[in-house]
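K.L.:
Here is how the chains run, residue by residue.
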Amino acid sequence: MSENEDVIKVEGLTKVFNHSLTAVDHIDFSVKQGEIFGFLGPNGAGKTTTISMLITVLRPTSGKAMVLGGDIAKQSLEVRSSIGVVPQEYTADEDLTGLENILLCADLYGIPRSVSKKRAFELLQLVELTGFKDKRVQTYSGGMRRRLELACGLVNRPKLLFLDEPTLGLDVQTRAATWNYVKMLKKEFGMTLFLTTHYLEEADALCDRIAIIDHGKIVVTGTPTDLKDSLGGDIITLSVKDQTDITDLIGKIEHVKDVKKESDSYTVKSANGEVTAPLIIEALRKNGHPVTKLSLTKPTLNEVYLQYTGKSMRDAEESRENVFRQRMTVRRARQ
Amino acid sequence: MSNEETRVSKNRFHGLWALTNRDLKKWYQNPIVFVIGIIQPILWLALLGKAMNISSIISPSSFQIPTQLFAQLPVAAQQGLAQYFAGLQNQIMLSSFGTTSYFSFMAMGMVAFVTVFTTAFVGISVVFDRRLGFMNKVLSTPVSRSVIITSKVISASVRSVFQAAIVTVIAYLLGLQLGANFTVFSVFGVFAIVFLIGFGLSSMFTAITLRTSRMETPQAIFNLVTLPLMFASSAYFPINKMPDWLQAIANVNPISYTIDAVRRLMIFGDGYALLPLDFAFVGLFALVVTAICVVLSWRFLNK
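As given, the protein sequences belong to chains B and V, one line each in that order.
When we follow our numbering, the leftmost residue of the first sequence carries the number 1, and every step to the right adds one.
When we follow our numbering, the leftmost residue of the second sequence carries the number 1, and every step to the right adds one.
Okay, chain B solo, but in the shape it has when bound (with noise of 0.2 Å):
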């Protein structure tokens, strides 16, 4: 595969249950090597459905995904071996250390134990899981059966990773030390990731391209900066001493897009915040009408999210299943 071609290519996937259910609709996009790809959206959006087809795991109704080359449908079994998966859940076995965790993972890889020995002892070192490794995996926290999720999902030195929900239920010491995994396996690796999460904040920091899904479609695509700018930039919010309208006074200064006159107060939309405010600063003050307070907001990827799939919450329809394993997850998460 040449450096430039797409790690992920979807072109018209569509997954329909029952004949009736549209879990995933006609969604095209691609993923780039190198980088990491957040696909965010709410509660039976599709993401799961999506990232299962794309795994193999799924068979999609129509269209056509090629994941490292290897086209879903047909290809099934070299896209398996070339990817690597940490699902949503804890799927490590309870009973079993975490050494022999890992060992099994490489055996289901049919990587010969000669080879998967000595790889056990590096992954475990990479998610600090040394020291525990001879423990039995019904004693691990939550952060500890994670990174071991990790190192299970990295067995068969994948080119690209799939992170369902990387950071479910973890705090926020664990989460930050999963950040930081996921961006080393980036810089140093040079892997591809393709991750979901429900926390923005997270995709924000991560992602160098998200994809929002709700409905099944995906309606809009981008780096987060650029999806935070079409808001319309930076909220700058501002008081000065008079009564004195200055709304074209403020209009004028370079940077503003847009200002609007609220009840005691000015609300101002730029593109760069931190350039503006200091202007205004200045320019108000030459004209006699001092600053008396100034904050300023910077849009995050929250605002971005609801303007796109609204404030409603989904209350979408969950397998038994699928909520006992969540509920497991959780639980387990938080030993």
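If you're looking for bench data, these hints aren't it; they were derived computationally from the structure.
Computed from a predicted structure; not experimentally measured.
Glycine included, C-beta positions come from ideal geometry on N, C-alpha and C.
Heads up, some of the hints might be wrong.
[What the hints assert, rightly or not] The list that follows gives simulated cross-link-like pairs (lysine-lysine, DSS-like), each with its CA atoms no further than 25 Å apart: (1) Lys269(B) to Lys293(B); (2) Lys186(B) to Lys32(B); (3) Lys50(V) to Lys241(V); (4) Lys135(B) to Lys25(V); (5) Lys217(B) to Lys241(B); (6) Lys26(V) to Lys135(B); (7) Lys261(B) to Lys298(B); (8) Lys9(B) to Lys74(B); (9) Lys25(V) to Lys118(B); (10) Lys217(B) to Lys260(B); (11) Lys217(B) to Lys187(B); (12) Lys241(V) to Lys117(B); (13) Lys118(B) to Lys74(B); (14) Lys183(B) to Lys228(B); (15) Lys269(B) to Lys286(B); (16) Lys228(B) to Lys241(B); (17) Lys187(B) to Lys32(B); (18) Lys117(B) to Lys25(V); (19) Lys133(B) to Lys25(V); (20) Lys26(V) to Lys133(B); (21) Lys117(B) to Lys74(B).
[Stated by the list, open to error] To be clear about the criterion: a stretch of chain B counts as covered by chain V if any three or more of its residues have a C-beta under 8 Å from a C-beta of chain V, and this derived list gives those stretches: (22) 93-99; (23) 109-122.
[Said to hold, decoys possible] Restraint ranges, calculated between C-beta atoms of paired labels, are given here: (24) Ser62(V) to Arg136(B): 55 to 65 Å; (25) Met328(B) to Thr226(V): 28 to 38 Å; (26) Arg12(V) to Met328(B): 30 to 40 Å; (27) Lys32(B) to Phe34(V): 50 to 60 Å; (28) Asn11(V) to Thr139(B): 27 to 37 Å; (29) Arg136(B) to Val169(V): 47 to 57 Å; (30) Arg136(B) to Leu48(V): 29 to 39 Å; (31) Thr139(B) to Met52(V): 40 to 50 Å; (32) Lys187(B) to Thr226(V): 27 to 37 Å; (33) Pro238(V) to Met328(B): 24 to 34 Å; (34) Asn11(V) to Lys183(B): 46 to 56 Å; (35) Asn43(B) to Ile249(V): 46 to 56 Å; (36) Ile292(V) to Glu188(B): 43 to 53 Å.
Starting from the structure of chain B, add chain V where the hints point.
P.N.:
Then chain V, alone, in the frame of chain B:
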């Protein structure tokens, strides 16, 4: 990266041993499960096996011999009849059960019984793997779907053989009467047929649970299936003494053939000519059910 580093098995059955061993580890590394697996047959054999003392029911002391009537007979006839009654117990036992010891008859039925119990758990373990997410992990690796199923079936069959061995040893300690032609090789014959029936039964239980994620389903099916499987067989009672309709069922029940083979090998003095038929029937059952299960796994393990 060296070639050694990137070398992977192209064997279609890779992962089979790893998955089988994983299931077996859950059993032999768990002392409670292991010990209960040994205690349970002891309880069955020592309590039920010894309580059902059928030969004592038909001992000469059980029937009233009409002495007045007896006294009217010539002496020679009296002696002859006394001898006849004394031998009656063994005669009835032999013609009904093929052995004079009902305990031995039932203990060998228990060998098959314990197989049904052991293999039924495979269904529960499939559902557990599904619910805890392990199955999802395995499905995302390049392991063949049939290997996933076969590993379950093999581990259950190995456990069945082990349990059958335990039952045999305990039965021997509690007074099993071995057949006249018993040799050490008979034991291997028993293991072979138990492995076959274990293969068939665990495939059957796996096939039933392939689609379900509910814990209740395999349990309900297990309860529904085990009793007819056991009682419509030669486990506790000889088939030729059953009503016709029940005989018809028992005669196609693979458990009957397993038990018959075990009894022929261990406690009967004859009937070896029918052994190939027993093995063929049980082997065919195992083959057909396993084939069905593997085909279903291609269809249903991928959603």
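K.L.:
Now, for every hint given, state plainly whether the structure supports it.
P.N.:
We went through each hint and held it up to the structure:
1. Lys269(B) to Lys293(B): Judged against 25 Å, a Cα distance of about 16 Å means the pair holds.
2. Lys186(B) to Lys32(B): holds, 12 Å
3. Lys50(V) to Lys241(V): With Cα atoms ~22 Å apart, Lys50(V) and Lys241(V) stay inside 25 Å; holds.
4. Lys135(B) to Lys25(V): Holds, at roughly 15 Å.
5. Lys217(B) to Lys241(B): violated, 49 Å
6. Lys26(V) to Lys135(B): holds, 15 Å
7. Lys261(B) to Lys298(B): holds, 19 Å
8. Lys9(B) to Lys74(B): Holds, because 15 Å separates the two Cα atoms, which is no more than 25 Å.
9. Lys25(V) to Lys118(B): Distance of about 23 Å is within 25 Å: holds.
10. Lys217(B) to Lys260(B): Distance of about 35 Å is beyond 25 Å: violated.
11. Lys217(B) to Lys187(B): violated, 31 Å
12. Lys241(V) to Lys117(B): violated, 61 Å
13. Lys118(B) to Lys74(B): Distance ~33 Å between Lys118(B) and Lys74(B) Cα, so the pair is violated.
14. Lys183(B) to Lys228(B): Holds, at roughly 22 Å.
15. Lys269(B) to Lys286(B): holds, 21 Å
16. Lys228(B) to Lys241(B): violated, 32 Å
17. Lys187(B) to Lys32(B): It holds: about 15 Å lies between the C-alpha atoms, which stays within 25 Å.
18. Lys117(B) to Lys25(V): Holds, at roughly 19 Å.
19. Lys133(B) to Lys25(V): holds, 17 Å
20. Lys26(V) to Lys133(B): Holds - the C-alpha atoms of Lys133(B) and Lys26(V) are around 18 Å apart, at most 25 Å.
21. Lys117(B) to Lys74(B): violated, 32 Å
22. 93-99: holds (count 4)
23. 109-122: Per the Cβ count (6), the hint holds.
24. Ser62(V) to Arg136(B): 55 to 65 Å: holds, 58 Å
25. Met328(B) to Thr226(V): 28 to 38 Å: holds, 29 Å
26. Arg12(V) to Met328(B): 30 to 40 Å: holds, 33 Å
27. Lys32(B) to Phe34(V): 50 to 60 Å: holds, 53 Å
28. Asn11(V) to Thr139(B): 27 to 37 Å: About 34 Å separates the Cβ atoms of Asn11(V) and Thr139(B), which means 27 to 37 Å holds.
29. Arg136(B) to Val169(V): 47 to 57 Å: violated, 31 Å
30. Arg136(B) to Leu48(V): 29 to 39 Å: holds, 37 Å
31. Thr139(B) to Met52(V): 40 to 50 Å: Distance hint for Thr139(B), Met52(V) holds at roughly 47 Å.
32. Lys187(B) to Thr226(V): 27 to 37 Å: Because 58 Å falls outside the window, the suggested range is violated.
33. Pro238(V) to Met328(B): 24 to 34 Å: violated, 49 Å
34. Asn11(V) to Lys183(B): 46 to 56 Å: Taking Cβ atoms as reference, Asn11(V) and Lys183(B) lie about 37 Å apart, which means the hint is violated.
35. Asn43(B) to Ile249(V): 46 to 56 Å: holds, 50 Å
36. Ile292(V) to Glu188(B): 43 to 53 Å: Because 49 Å falls inside the window, the suggested range holds.
Comparing the model with each earlier hint shows violations of hints 5, 10, 11, 12, 13, 16, 21, 29, 32, 33, 34; every other hint is respected.
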